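Participant: Given next are the chains, with one letter for each unit.
2 protein chains.
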Amino acid sequence: MTKLENYISGKWVTGDGDGQPLFNAVTGNPIAAATTKGLDFKAIVEYGRTVGNPALRKMTFYQRGNMLKTLALHLRNHLDKFYQVSYQTGATKADSWVDIEGGIGNLFANASLRRKFPDEIFCIDGESHNLGKNNTFMGTHILVPKEGVAIHINAFNFPVWGMLEKIAVNLLAGMPAIVKPATVTSYLTEAVVKEIIASGILPEGALQLICGSAGDLLDHVSSQDVVTFTGSASTGLMLRSNPKILSESVPFNMEADSLNCIVMGDDVVPGMPEWDIFVKEIRKEMTLKAGQRCTGVRRIFVPENKMEDVWKAIASSLSQTTIGNPLNEKVRMGSLAGESQRSEVRSQIAKLLASSQIVYGSLDSVEVIDADAKKGAFMSPVLLMNEKPFASKEVHEVEAFGPVSTIMPYKNSDEAIALSKLGKGSLCSTIVTADYKQAKQYVIGAASYHGRILVLNNECAKESTRPCRWRRRDGRTAGSKTLFTAHRITGIANYDYGDH
Amino acid sequence: MTKLENYISGKWVTGDGDGQPLFNAVTGNPIAAATTKGLDFKAIVEYGRTVGNPALRKMTFYQRGNMLKTLALHLRNHLDKFYQVSYQTGATKADSWVDIEGGIGNLFANASLRRKFPDEIFCIDGESHNLGKNNTFMGTHILVPKEGVAIHINAFNFPVWGMLEKIAVNLLAGMPAIVKPATVTSYLTEAVVKEIIASGILPEGALQLICGSAGDLLDHVSSQDVVTFTGSASTGLMLRSNPKILSESVPFNMEADSLNCIVMGDDVVPGMPEWDIFVKEIRKEMTLKAGQRCTGVRRIFVPENKMEDVWKAIASSLSQTTIGNPLNEKVRMGSLAGESQRSEVRSQIAKLLASSQIVYGSLDSVEVIDADAKKGAFMSPVLLMNEKPFASKEVHEVEAFGPVSTIMPYKNSDEAIALSKLGKGSLCSTIVTADYKQAKQYVIGAASYHGRILVLNNECAKESTRPCRWRRRDGRTAGSKTLFTAHRITGIANYDYGDH
Numbered sequence: 015m016t017k018l019e020n021y022i023s024g025k026w027v028t029g030d031g032d033g034q035p036l037f038n039a040v041t042g043n044p045i046a047a048a049t050t051k052g053l054d055f056k057a058i059v060e061y062g063r064t065v066g067n068p069a070l071r072k073m074t075f076y077q078r079g080n081m082l083k084t085l086a087l088h089l090r091n092h093l094d095k096f097y098q099v100s101y102q103t104g105a106t107k108a109d110s111w112v113d114i115e116g117g118i119g120n121l122f123a124n125a126s127l128r129r130k131f132p133d134e135i136f137c138i139d140g141e142s143h144n145l146g147k148n149n150t151f152m153g154t155h156i157l158v159p160k161e162g163v164a165i166h167i168n169a170f171n172f173p174v175w176g177m178l179e180k181i182a183v184n185l186l187a188g189m190p191a192i193v194k195p196a197t198v199t200s201y202l203t204e205a206v207v208k209e210i211i212a213s214g215i216l217p218e219g220a221l222q223l224i225c226g227s228a229g230d231l232l233d234h235v236s237s238q239d240v241v242t243f244t245g246s247a248s249t250g251l252m253l254r255s256n257p258k259i260l261s262e263s264v265p266f267n268m269e270a271d272s273l274n275c276i277v278m279g280d281d282v283v284p285g286m287p288e289w290d291i292f293v294k295e296i297r298k299e300m301t302l303k304a305g306q307r308c309t310g311v312r313r314i315f316v317p318e319n320k321m322e323d324v325w326k327a328i329a330s331s332l333s334q335t336t337i338g339n340p341l342n343e344k345v346r347m348g349s350l351a352g353e354s355q356r357s358e359v360r361s362q363i364a365k366l367l368a369s370s371q372i373v374y375g376s377l378d379s380v381e382v383i384d385a386d387a388k389k390g391a392f393m394s395p396v397l398l399m400n401e402k403p404f405a406s407k408e409v410h411e412v413e414a415f416g417p418v419s420t421i422m423p424y425k426n427s428d429e430a431i432a433l434s435k436l437g438k439g440s441l442c443s444t445i446v447t448a449d450y451k452q453a454k455q456y457v458i459g460a461a462s463y464h465g466r467i468l469v470l471n472n473e474c475a476k477e478s479t480r481p482c483r484w485r486r487r488d489g490r491t492a493g494s495k496t497l498f499t500a501h502r503i504t505g506i507a508n509y510d511y512g513d514h
Numbered sequence: 015m016t017k018l019e020n021y022i023s024g025k026w027v028t029g030d031g032d033g034q035p036l037f038n039a040v041t042g043n044p045i046a047a048a049t050t051k052g053l054d055f056k057a058i059v060e061y062g063r064t065v066g067n068p069a070l071r072k073m074t075f076y077q078r079g080n081m082l083k084t085l086a087l088h089l090r091n092h093l094d095k096f097y098q099v100s101y102q103t104g105a106t107k108a109d110s111w112v113d114i115e116g117g118i119g120n121l122f123a124n125a126s127l128r129r130k131f132p133d134e135i136f137c138i139d140g141e142s143h144n145l146g147k148n149n150t151f152m153g154t155h156i157l158v159p160k161e162g163v164a165i166h167i168n169a170f171n172f173p174v175w176g177m178l179e180k181i182a183v184n185l186l187a188g189m190p191a192i193v194k195p196a197t198v199t200s201y202l203t204e205a206v207v208k209e210i211i212a213s214g215i216l217p218e219g220a221l222q223l224i225c226g227s228a229g230d231l232l233d234h235v236s237s238q239d240v241v242t243f244t245g246s247a248s249t250g251l252m253l254r255s256n257p258k259i260l261s262e263s264v265p266f267n268m269e270a271d272s273l274n275c276i277v278m279g280d281d282v283v284p285g286m287p288e289w290d291i292f293v294k295e296i297r298k299e300m301t302l303k304a305g306q307r308c309t310g311v312r313r314i315f316v317p318e319n320k321m322e323d324v325w326k327a328i329a330s331s332l333s334q335t336t337i338g339n340p341l342n343e344k345v346r347m348g349s350l351a352g353e354s355q356r357s358e359v360r361s362q363i364a365k366l367l368a369s370s371q372i373v374y375g376s377l378d379s380v381e382v383i384d385a386d387a388k389k390g391a392f393m394s395p396v397l398l399m400n401e402k403p404f405a406s407k408e409v410h411e412v413e414a415f416g417p418v419s420t421i422m423p424y425k426n427s428d429e430a431i432a433l434s435k436l437g438k439g440s441l442c443s444t445i446v447t448a449d450y451k452q453a454k455q456y457v458i459g460a461a462s463y464h465g466r467i468l469v470l471n472n473e474c475a476k477e478s479t480r481p482c483r484w485r486r487r488d489g490r491t492a493g494s495k496t497l498f499t500a501h502r503i504t505g506i507a508n509y510d511y512g513d514h
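So the protein lines, in turn, are chains A and B.
To convert, note that position 301 of the first sequence is 315 in this note's numbering; the numbers rise steadily by one, no gaps.
To convert, note that position 437 of the second sequence is 451 in this note's numbering; the numbers rise steadily by one, no gaps.
The set of hints was computed from the structure by calculation and includes no laboratory data.
The model shown is predicted, which means the values in this text are computed figures rather than measured ones.
One thing to keep in mind: the hints can contain errors.
Note that identical chains are pooled: a pair holds if it fits in a single copy or bridges any two copies.
Claimed, not checked - Below, computed lysine to aspartate or glutamate pairings styled on EDC-like, alpha-carbon distance capped at 16 Å: (1) Lys130 - Glu141; (2) Lys438 - Glu408; (3) Lys454 - Glu134.
Produce the entire structure from the sequences given, and follow the hints as far as they go.
Facilitator: This is the structure in C-alpha cells:
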C-alpha cells in the first residue's frame with residue numbers, strides 16, 4: 015500500500031514500517047497507510063523554531079495577512095481535487111463545503127484581520143497610560159510573536175478546516191505550525207498540505223505535517239511553544255498531563271467532548287413557526303456531517319407535556335433523510351469517517367441505553383442509496399429518549415459522536431437551566447422561543463456553562479447559521495456566526511476559553 | 015501558644031493539634047501557632063460555592079465596586095494595628111506601606127473599575143456583530159461570573175497586598191474567595207481578615223481564610239472554580255499537576271520563580287545621570303523588602319568594559335544601607351521574614367557560588383541597628399559576580415529570594431537580549447539607557463520572554479515606580495505602573511499571562 019508522506023524539516027518523507035492502513039469510508043477500499051515511525055520529532059520541533067519562526071517573525075502583520083490571502087486564493091484553484099478526496103471520508107458535498115471552503119474562508123477572514131494591526135512586526139495592545147503627573151512616565155502594551163512553534167493535534171471530522179482555522183491564526187501572529195491531523199482522515203489533510211507546500215507561498219518551516227502517531231513530539235515542547243488539541247476528553251487529559259507541558263507551563267488549548275443541548279421554550283406549540291424551526295434544527299444537527307460535529311446537539315430538552323408530540327415530529331423528519339454514497343446527488347447524509355468511528359459510536363450508544371431507549375432508528379440496520387451498507391461506515395440516525403434526566407449521569411456525560419441525540423423532559427425554566435449545566439460546560443447551546451423574556455432568562459442563567467448560546471426564533475431563523483464554531487482571537491471576533499455568546503468572568507485575568 | 019484562627023463556613027475556628035509555631039522575624043520570639051488539622055476542606059469549598067457565590071452573583075458590578083470601596087475605607091481606619099503586626103515580619107515602614115496601603119489601594123482601584131461596567135449582573139464584552147445581511151441575526155458577547163470559588167494560595171512576602179490584590183478582582187467579578195496565605199506570615203493576613211469579617215461589609219461566604227496547610231483543598235475543585243498560586247516553581251508544579259485540576263480543566267494561574275534582569279545600555283558612562291540611576295535602582299531592588307520581591311532584580315547585565323566600575327559603585331551604594339530593627343527610624347532594610355527564609359536564601363546562594371563569586375557582602379555576618387543579629391533573621395545584601403554568563407546555568411535558574419543579585423558582562427546588544435532570555439521568562443526586565451533606539455531594540459527583542467520591560471532614563475526616573483507588579487484584567491489595565499509592557503502573541507486565543 016502507498017504511504018502518506020510527512021512534510022518535516024523541509025522534505026516530504028515517509029515513515030518506516032507498514033503503518034496504519036486507511037480506508038475509503040464509503041466503499042471500505044484501502045487508500046493508503048500512515049506511519050511516522052523513525053521520524054526525529056525533536057528535530058521537527060527545532061526546525062520549526064529555528065527556520066520557520068524567524069522567517070515569520072521578521073514579516074509584518076500586513077505581510078503575513080497578505081500571505082494568507084494569497085494562500086486562500088491559491089487553494090481555491092484546487093477545490094475539485096479536495097472535494098474528490100473528501101468524498102472518500104464519507105462527507106457529502108455540503109459537508110465537504112464546510113470543511114474545505116469553510117477552511118479557506120478562515121484564511122480569508124484572518125487575512126482581513128491584518129487591517130486591525132499595524133504594518134509592523136509588533137503591535138500595540140489597547141491604549142497607553144500616563145502613570146505620572148508630569149507625563150514623563152507611561153505604560154504601553156505591545157504584542158510580539160512567541161519564539162516557538164504551534165503544535166496542533168486535530169480531530170478527524172474536519173481534516174481541512176481543522177487545520178486551516180488553527181494555522182491561519184498562528185501564521186498571522188507570526189508563529190510556525192506543526193500539524194498532526196487525526197490519522198483516520200489524514201489523507202485529505204495531506205492532499206491540502208501538498209498544494210500549500212508546492213505553492214511556495216509560506217516561508218520554509220512555517221508548516222510541517224505529521225500523518226500518523228505523534229510519537230514523542232510533546233516531550234520536546236518549551237514555554238515558547240503552544241499546543242492545541244481537539245478530540246476526546248480522555249486523550250486530552252493524557253496530553254495535558256505530559257510532564258513537559260506541565261513543567262514548562264506550555265499553553266495548552268483543549269476542545270474535547272461537549273454535550274451540547276437545545277431547549278424548546280415553553281411558549282412553543284404546534285402551528286407556531288418556532289415549532290417547525292425546532293424540529294428542522296434538530297434534524298440538521300443530527301444529520302449534517304453524519305452528526306460528527308463538535309457543536310452537534312446531543313441533548314434535547316422539551317416541556318414535559320410536549321414530549322410525545324416532539325419526538326414523533328423529529329422521528330418523522332429524520333425518516334425523510336436519504337443516506338448513502340455522497341457522490342449521489344439525492345443523498346443528504348453520508349457515512350461516518352470509518353469503521354472504527356462506527357464501532358465507537360455504537361459502543362457509546364450502548365452506554366446511553368443504560369438509562370435511555372431508542373425511539374427512532376436502529377443500531378444494526380440502515381437503508382442506503384448507491385452504496386453497500388456492509389462495506390461503508392453507514393449508520394442510521396438514532397433518537398434516544400430519557401424520561402428521568404436528573405437521575406441519569408450517562409446522558410450528560412457520554413458523547414456519541416455520530417447522528418445521535420437524546421430527548422428529555424423538563425418542568426420549568428429553572429429545570430431547563432439546571433439540566434443544561436449537567437453537561438459540565440459545553441461549546442454551545444440553543445434555545446428556540448418566540449419569548450424574549452424567556453430567552454434572556456435562559457442566556458443569563460446558563461451562560462456560565464456554555465461557550466455560546468443561540469437564541470433561535472422565526473425572526474432570525476432564515477439568517478441563522480446555527481451555533482457553528484467560533485473563536486476569539488486577542489479580544490477580537492473572527493468571521494463566524496452567533497446570536498449570543500456567553501463567556502465567563504473568572505475573577506482572574508485569564509482562562510482557557512477552549513476548555514469546556 | 016495561642017493558635018491563629020481560620021475563618022471557614024461562617025465561623026472563626028482553630029485547627030487541632032499544636033500546629034506550626036510562628037516567630038517574630040526581628041526578635042525571634044514566638045507569636046502564635048498555625049494549624050488547619052481537622053478542617054473539612056470539602057465543606058469549605060462547598061460553602062463558598064453555595065453561600066458566597068449566589069450572594070455575590072445577584073449584586074451588580076456597581077454594587078460590588080461600591081462594596082470594595084467601603085471595605086477599603088474601613089481598612090484605612092485600622093492601619094496602625096496592621097503596621098504593628100507587619101513590623102514583626104521584618105518589614106520596614108516603607109515595606110509595610112507597599113504591603114498594607116498598596117493592598118488597600120488595589121481595593122480602591124478595582125472599586126473604580128466598576129464604572130467601566132454596567133449596573134447589571136452581567137456585562138457586554140466588546141461590540142455586537144451583525145452576522146446577516148438583513149440584520150436579523152447578530153452576535154453579542156456577555157460575561158457572567160463563574161459559579162465556583164477562587165482559591166488563592168499566596169506567597170509569604172506580601173501577606174496583605176497578596177490577598178487584597180487577588181480578592182479585589184474576584185469580588186468585583188462576583189466570585190467568592192478562599193485565601194490560604196503562606197503560613198510563616200499568616201498572622202498578618204489573619205489580622206486583616208479579622209477586620210474584614212467584623213465589618214460585615216462582604217456578604218457571608220465571600221471570603222474564607224485558612225492559616226496553615228491547605229490539606230486536601232485542591233481535591234475538591236471543579237471547572238467552575240479558579241486557582242491562583244504565587245510561590246516557588248516546584249510547589250506550583252506539584253499543585254498544577256493535581257489530578258482534579260487537570261481532569262476538571264480548572265483555570266490555574268501561577269506566578270513562580272522569576273530571574274528578572276536589568277541591563278545597562280552601552281551608552282551609559284560615569285557622569286551621566288543614567289549611571290547613577292542604574293546604581294541606585296539596583297540598591298533599591300536589592301534592599302527593599304530585604305529583596306523578597308517577585309519582581310526584584312536577580313541578574314545585572316553590564317557592558318564588559320564597565321564591569322569593575324559598576325560593581326564597585328553598587329558595592330559602595332549597598333554599604334550605605336542601614337540594616338536592623340524596622341521600628342528604628344534609621345533602618346532602611348529590615349530582616350527576612352523568618353529564620354527558614356534565611357536558611358533558604360543561604361542555600362540558594364550556595365548553588366550560585368558554583369559559578370559565581372561574592373564581590374560584596376557576607377553570608378555569615380551582618381551589622382544591625384537596635385536588634386540582635388543572632389535572634390532575628392537578618393542578612394547582609396550579597397552582590398555576586400559571574401564572568402561567564404553563557405556558560406553558567408545556575409545564574410539564570412536559581413532564585414535567591416533575598417537581598418541577592420549577580421552582575422555579569424555582555425559584549426553587544428544581541429548578547430544582552432540573549433542573556434535576558436536565558437531566565438526562561440521573567441515577570442519583568444529593565445534597561446537603563448538614554449538612547450531610544452537601543453531601548454526600542456531591547457524591548458522588541460526581549461519582549462517574548464518578559465511580562466514587562468521598563469525603560470529607565472533621566473527623563474522618567476523621577477516618576478518611575480520601578481517595574482512593580484501589574485496585572486491585566488479582562489483586557490483592561492488596573493492601577494499600576496510600567497513603561498513598556500510586552501506580551502506575547504500566542505497564535506492562540508488564550509494563554510496564562512501569570513506564568514513566567
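Participant: Among the hints numbered above, which are violated by the structure, and what are their numbers in rising order?
Facilitator: As far as the earlier hints go, not one is violated by this structure.
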